[in-house]
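K.L.:
The chain contents come next:
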Amino acid sequence: MADTLTREATIEADGLRVSVDLAVHIASLRYFNADGVFAAAVRSVVGMALPGVLQAAMGPASWGAGAFTLAWRSPTETLLLGVDGERFSNVVAALADAGEGCVVDQSGGFRVLRVCGERVFDLLARLGGSASAPKIGEGRRSRLADVTVLALCVRPEETLLIVDRVYAEHLLTWIRETAADFATP
Amino acid sequence: MMQLNCPWCGPRDENEFACGGSSHIARPGLAASDQVWGEYLFFRDNPKGVHRERWRHVQGCGQWFNVARHTVTHEVLSVYAVTDAPPKLG
Amino acid sequence: MSAQRLKAPAGAWIDRSRRVTFTFNGVRLTGFQGDTLAAALLANDVRLVGRSFKLHRPRGIYSCGIEEPTGLVDVGRGARRTANVRATLIPIHENLVAQSVNCWPSVGWDLAALIGGFAALLPAGFYYKTFKWPSWHLFEPTIRRMAGLGRGSGQSDPDRYEEVAAETDVLIVGGGVAGLSAAVAAAQAGAKTTLLASGAIPGGALGWRGDVEATELLEKARRLGVRLHSRTMAFGIYDHNLVCACETIMPDGSDAASGGVLRERLWKIRARAVIAATGAFERPMVFPDNDRPGVMLAGAAEKYAHAFGVACGQRVVIAANSDSAYAVAKSLRDVGVNVLAVVDRRPPAMIRADSCDGVRAIAGAAIGSVSGTRAVRGCTVIPLGGKPERLQCDLILSAGGHAPTVHLHSQAGGKLRWLDESAMFVPDGPAPGMASVGACAGVFSRGAAADHAAEVGNALARGLAPPPAPIGGASDERVRGTMGRGVSGAGRSLPGTHVPGTPGKQFVDLQNDVTLDDVALAARENYRSVEHLKRYTTTGMGTDQGKTSNINALVAMGECTEREPAQVGTTRFRPPFSPVTLGLIAGRRVGALYRPRKHLPAHAWHEAHGAWFEDFGDWRRPAAYPLAGESLEAAAQRETAIVRKTAGLFDGSPLGKLEVFGPDAARFLDLMYVGTMSTLAVGQARYGLLLNENGTVMDDGIVARLGEQHYWLNTSSAGVDRTAASFEEWLQCEYVDFKVAVTPVTSRWANVTVAGPRAWDWLAAAGFDPALAPDSMKHMTLRESALDGVPLRVLRASFSGELGYEVNLPADHASALLERLWAYADRYGAALYGVEALQVMRVEKGYIHIGTDTDGTTLPGDIGFARAMDRKAAEFVGRRSLLRPAATDPDRLQLVGLTPADGKTLLPVGAQIAASPPPALTEGHVTSSYLSPELGRPVALAMLTRGSQRTGERVRVHHLGTTIEADVVKPPFIDPAGKRVHG
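Residue numbers (the numbering used here), protein chains in the order written: chain X, 12 to 196; chain Z, 7 to 96; chain S, 2 to 984.
These are calculated hints, taken from the structure and not from any lab test. One or more of the hints may lead you astray.
[To be verified] 25 Å max Cα-Cα, derived DSS-like pairs, lysine-lysine:
{"no.": "1", "chain 1": "S", "residue 1": "K8", "chain 2": "S", "residue 2": "K269"}
{"no.": "2", "chain 1": "X", "residue 1": "K146", "chain 2": "S", "residue 2": "K193"}
{"no.": "3", "chain 1": "S", "residue 1": "K416", "chain 2": "Z", "residue 2": "K54"}
{"no.": "4", "chain 1": "S", "residue 1": "K506", "chain 2": "S", "residue 2": "K388"}
{"no.": "5", "chain 1": "S", "residue 1": "K388", "chain 2": "X", "residue 2": "K146"}
If you're wondering where the values come from, they're calculated on a predicted model, not measured in any experiment.
With the hints as extra help, turn the sequences into a complete structure.
P.N.:
Below, the structure written as structure tokens:
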């Protein structure tokens with residue numbers, strides 16, 4: 012039985028729709044060398060290379076709806092996201108034996124907000140700085156609403172905001188208030 | 007609010023970072039005298055000019071890096087790796 | 002009748018077909034849509050608007066813009082009442098309510114005006130000399146009540162403010178001809194260009210002179226894609242070209258819909274290059290009684306006439322120190338106003354021959370006196386070497402010269418130089434990252450300004466150095482031929498606008514009542530520096546920030562001290578350029594968003610079960626679960642008793658959790674902790690302290706081993722971010738070859754803690770694996786387990802001093818587990834317990850709380866960890882500091898327990914321990930203190946000098962004038978052998 016947020020989890024405004032996705036599994040892939048043994052294991056198990064600096068990628072295409080997203084978080088960390096629970100568990104188990112790195116399951120520790128609409132950029136400009144908005148294929152960790160958020164974009168028309176779970180309420184409240192004023196020119 | 011060029015994440019506002027004070031301070035061993043240890047803990051140069059200092063991109067990649075910054079104009083003369091020796095600045 | 006509305010076509014900005022009714026000081030008046038409050042008041046011949054700050058002299062509208070020093074009013078009603086707003090900036094709307102400030106009972110009959118009679122007692126700096134005997138505090142309340150101008154609403158601001166970040170290549174501040182020319186040129190050169198204009202319609206003076214060029218430039222700018230922001234005033238430039246600007250969405254005094262509106266927007270714009278096109282302020286002339294209602298700036302009167310169709314007076318005298326006076330004279334005559342004379346301070350040689358053109362000019366003359374107190378009735382003109390002449394007038398205008406608006410340039414680190422010819426400070430070259438164009442660069446001729454601005458816009462767009470401004474005496478001759486209608490070149494002005502030796506109050510700062518005598522007094526008392534002049538006399542410290550006073554003040558100081566204006570210099574320019582609201586700075590950070598709060602995964606569950614939430618650091622946590630009518634303290638006592646008697650359930654999710662992995666994890670932890678972690682067996686846990694390099698205790702927590710290269714760390718809930726950051730610093734900066742990954746997992750894992758003698762029975766009933774039972778799982782061990790497929794990490798540990806299990810599980814399942822356990826609570830008479838109860842229990846057991854019982858000086862030995870440290874051969878962070886003489890000083894403060902001698906009195910936290918009441922040398926202080934339900938008496942922890950040697954001693958605890966006797970005891974207060982935990 013999953014915990015639920017205490018409030019309505021979808022925010023809608025002119026040109027903007029924000030919803031909370033509770034079904035995303037997340038893991039931190041930690042490694043000591045982005046080109047080493049662990050990276051090779053990821054490529055073999057997940058079917059994708061570790062993304063480069065500030066990059067995010069979705070795939071492999073062959074997995075369809077069960078595709079994963081990999082997002083660069085630091086020189087020694089990549090986030091793995093997926094909605095297919097079984098696939099996710101298999102990947103985590105398979106990487107447990109990979110050397111020179113480890114997998115830390117973070118499911119439930121982050122909240123994933125899906126943000127769509129033409130005014131995504133306006134929203135991000137009101138939460139953070141001008142470097143916070145990711146272009147497609149990018150994942151940018153920055154200060155939004157005074158908390159740390161990874162914003163990533165692997166599909167056109169959709170930006171994901173990944174925030175530490177304990178700050179989700181704070182971020183959502185800020186977004187809600189901002190969206191409420193979107194009607195003002 | 008300065009804008010710092012994180013070597014990984016690019017230019018970001020200062021409030022995403024934490025400053026770690028002067029760089030290139032060698033940590034003395036246990037055999038150091040009280041005076042040497044005290045200087046390591048508490049004594050720092052305070053130049054009116056170029057200062058080499060460490061910053062951490064706390065709300066980004068979490069990495070430490072070095073910055074050579076002019077303390078009066080805030081001009082950033084160099085950004086370099088935390089393990090690098092300080093570059094020569096004319 | 003003197004001030005009045007002019008006939009059309011005067012009034013480019015008003016819509017004569019739309020009448021607007023508003024109220025001023027309870028009187029209903031009308032104006033036209035497009036009027037500012039100031040314009041509408043003048044149109045209604047309302048000349049007395051307020052009272053000055055110190056002397057309560059009558060004041061009126063002085064200017065037509067943001068530099069307004071005296072036309073301040075309170076606008077709005079109820080929660081929207083806004084104090085000290087400049088009437089020159091408020092657009093009137095239907096039912097606007099405004100009133101005068103700093104007067105009682107009314108602006109017309111102000112009781113405090115009697116102060117004027119005591120003006121001699123109130124010179125600059127009076128509060129250092131008078132009102133001191135027998136004690137300043139006698140007078141202080143009255144003086145404080147009289148200070149200030151308007152009155153705030155006293156209610157919460159119902160409106161909202163937001164913050165937007167943007168970036169651009171070239172940012173232009175100012176929407177006049179220079180700014181627009183620069184913007185067009187920059188955009189044409191391909192730069193992403195943004196322009197900020199503070200007015201509603203960009204165009205500057207050209208806009209209300211009906212000049213076509215402004216409209217053309219605007220259209221061109223729009224077509225080229227320049228981002229134009231109107232009603233947006235740049236108020237500061239900060240490091241690395243960050244410009245902050247305030248966009249006014251809802252003007253002051255508006256009666257917006259209830260529920261609040263978005264009122265202002267803070268723009269934070271990072272620009273590669275900035276161009277300041279901020280214009281110039283007009284300098285007032287200084288003469289006796291130059292503060293009377295009816296004395297105004299010349300340019301303002303012109304603007305009121307043409308933009309608002311308001312004549313500020315019918316019979317006008319212009320006191321002049323600048324050629325602009327003649328342009329204004331002509332402009333006013335064009336709308337039918339009678340200009341009696343221009344009283345020009347300058348000698349004939351400085352006055353341009355072609356200026357006068359039918360206006361009577363009296364050269365080398367000054368105003369000697371003004372008659373009329375609530376409104377100007379006339380003045381006396383004193384020509385040099387001639388007879389005084391009395392003129393009957395109702396408006397005296399100041400054309401004292403101009404002061405380029407160099408604030409942004411100076412904030413950006415730009416230098417200034419004094420132009421002797423035109424008596425003004427101008428930018429001395431560009432500032433880093435910013436160039437100035439137009440009047441703010443000293444270029445007053447329209448053609449030259451536009452050309453230069455275009456060159457600058459083009460150059461900065463292409464990353465080249467901006468060409469210098471064409472200013473100085475020579476260039477004025479050069480550009481004379483290209484002067485446009487109405488806009489004059491800077492011409493020549495005298496530095497000082499007053500005649501030395503003239504008797505009477507000659508005001509330099511109109512808002513703060515600072516006169517030339519005050520400046521002279523400051524000079525005599527050796528407050529000669531311009532910064533001292535400012536603070537001692539308060540000139541320039543009002544809400545107008547000296548926009549119409551700073552130059553006159555520093556020039557006057559120069560004359561008193563035989564220095565040139567350049568030698569006196571200007572005070573440091575700091576943001577904001579014009580006042581900004583606190584709301585704008587706060588933005589969304591109000592109420593629940595004031596600071597980011599952390600919420601428990603099971604917050605809703607706790608709420609549903611009667612939790613009383615409080616803020617503990619960043620976390621919102623249940624302090625207790627009071628029953629109906631129970632106080633917080635009583636609830637904590639009840640909960641504590643139940644936990645010690647049977648069992649309790651606690652949400653420990655905020656406890657910090659870190660996963661540390663890697664081949665070097667073990668030796669890394671040995672370096673970080675006091676306490677050897679490398680010798681832990683898998684599944685074993687150990688308490689450790691974290692020090693900083695100074696040896697100070699920074700955090701504590703339990704470290705458990707999950708695998709050969711894998712550790713599970715608990716830290717304090719407040720310390721986890723700091724501890725994780727410290728680990729990263731050591732790994733990235735010092736131990737760079739170590740292979741260790743530190744991953745914070747505080748939010749991934751919730752912590753459900755069950756504590757008490759029946760704790761295991763309860764868990765077993767709920768289905769927990771028997772392998773976790775106390776007889777098979779020792780205290781201080783960690784086991785991985787599962788419950789219905791949900792993975793668990795169960796740590797047998799205790800902060801309460803009772804048998805305790807900390808069940809870590811994925812946060813999504815926290816509520817479910819709480820619910821599941823709660824279903825069995827009745828069977829054991831168990832209770833939920835909160836942070837308060839936990840604090841009671843840990844104090845009963847003598848367990849410290851970092852930051853409560855320890856501070857920035859506390860070393861491990863002070864809290865009983867000296868022995869543990871001695872066993873270690875290896876080095877760890879802070880070790881070297883523990884070998885210093887101060888660390889081994891026997892007089893150090895050490896942790897002790899205290900009980901009150903009378904068995905009843907709760908020792909106040911923070912109370913000092915000393916041999917006698919203060920003043921006395923302190924021997925320590927009380928750090929934690931609670932009533933122990935088990936013992937039925939108060940218990941406390943304290944830091945006491947040589948504490949470990951003083952067990953059994955009676956000490957005195959002092960608090961706010963009382964003294965409590967207490968006995969020093971060795972903690973813990975209950976279960977010293979720890980049987981309840983270890984079995």
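K.L.:
Now tell me, hint by hint, if it's right for this structure.
P.N.:
Now the hints, each set against the structure:
Only pairs whose Cα atoms come within 25 Å are accepted, and S/K8 paired with S/K269 is rejected, the gap being roughly 43 Å. Only pairs whose Cα atoms come within 25 Å are accepted, and X/K146 paired with S/K193 is accepted, the gap being roughly 19 Å. For a cut-off of 25 Å, the pair hint linking S/K416 to Z/K54 stands: about 19 Å separates their Cα positions. Distance restraint check for S/K506 and S/K388: the Cα-Cα separation of roughly 22 Å lies within the 25 Å cut-off, and the hinted pair is therefore satisfied.
A threshold of 25 Å between alpha carbons decides the hint, and for S/K388 with X/K146 the separation of about 78 Å lies outside it, so the pair is violated.
In summary, the structure is inconsistent with hints 1 and 5 from the numbered list given earlier, while agreeing with the others.
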